[in-house]
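Place chain B on chain A using the hints.
These are the residues of each chain, in order.
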Amino acid sequence: AQSVAQPEDQVNVAEGNPLTVKCTYSVSGNPYLFWYVQYPNRGLQFLLKYITGDNLVKGSYGFEAEFNKSQTSFHLKKPSALVSDSALYFCAVRQGGTASKLTFGTGTRLQVTL
Amino acid sequence: GAVVSQHPSRVICKSGTSVKIECRSLDFQATTMFWYRQFPKKSLMLMATSNEGSKATYEQGVEKDKFLINHASLTLSTLTVTSAHPEDSSFYICSAPGLAGRGTDTQYFGPGTRLTVL
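Listed in order, the protein sequences are those of chains A and B.
Here our numbering is used: the first residue of the first sequence is 916, the next is one more, and so on.
Here our numbering is used: the first residue of the second sequence is 306, the next is one more, and so on.
Since the hints were made in silico from the structure, they are not lab data.
Keep in mind that the hints are not guaranteed to be accurate.
[Claimed, not checked] Here are some, though not all, of the chain B residues that point toward chain A, as calculated from beta-carbon distances under 7 Å:
#1 P345
#2 S348
#3 L349
#4 L351
#5 I398
#6 T411
#7 F414
#8 P416
#9 G417
For glycine and all other residues, C-beta sits at the position ideal for the given N, C-alpha and C.
Isolated chain A (complex conformation) (with noise of 0.2 Å):
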């Protein structure tokens, strides 16, 4: 079974600081993993994705992720946070082919402020 973990309910930080969003993960074998967020009332836009090679992942908007298998992490970070960032950000694990189904952390609430 996989399994995600998103421990923080809501991370707060103001503008210009910045952000990171934990994820911990749990999965046998080798793990695909993914940060999606959520504005409100929208379905989720996929942010960036680990599936092989460096640990260090770039994805849009600036945000990046590090996979850390010895920890089994892979936190959401990003240098400077924008107020427009603030919205929902949800961690997934998959673990196979494209067509497997993703399990999703429960998801945590970013809230940039001035």
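Chain B only, in chain A's frame:
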């Protein structure tokens, strides 16, 4: 990029009626689609995997007779909530896997359908 649409975006119905939600892959074929339900506290729950030309695979605890899924073509999957009740009110989201040959390796999500049962 790949686009997935859902229709309707919002629906309000009376208790006891049935509601059909469509999920379409607009510029690619999807032999598999996924249906999720998002609860008010934000967690996203996989309901079922829709397979073109065969029966859907439901997750444990999901009533297959209540949530009917049909994947009639390579670009369309439908979710019908039968005899809807207020507790079925939720945000329903579908997704379709990108094709490996397109250089993608992720799922594309529809914009969601807000169902409110009165």
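Structure-based check of each hint:
1. P345: 12 Å, violated
2. S348: The hint holds - B/S348 has a Cβ within 7 Å of chain A, the shortest such distance being about 5 Å.
3. L349: 4 Å, holds
4. L351: Constraint on B/L351 satisfied, holds at 6 Å.
5. I398: 5 Å, holds
6. T411: With a closest approach of 5 Å, the B/T411 hint holds.
7. F414: It holds, given that the least Cβ distance between B/F414 and chain A is near 4 Å, below 7 Å.
8. P416: 4 Å, holds
9. G417: 5 Å, holds
Violated hint for the displayed structure: number 1, the only one.
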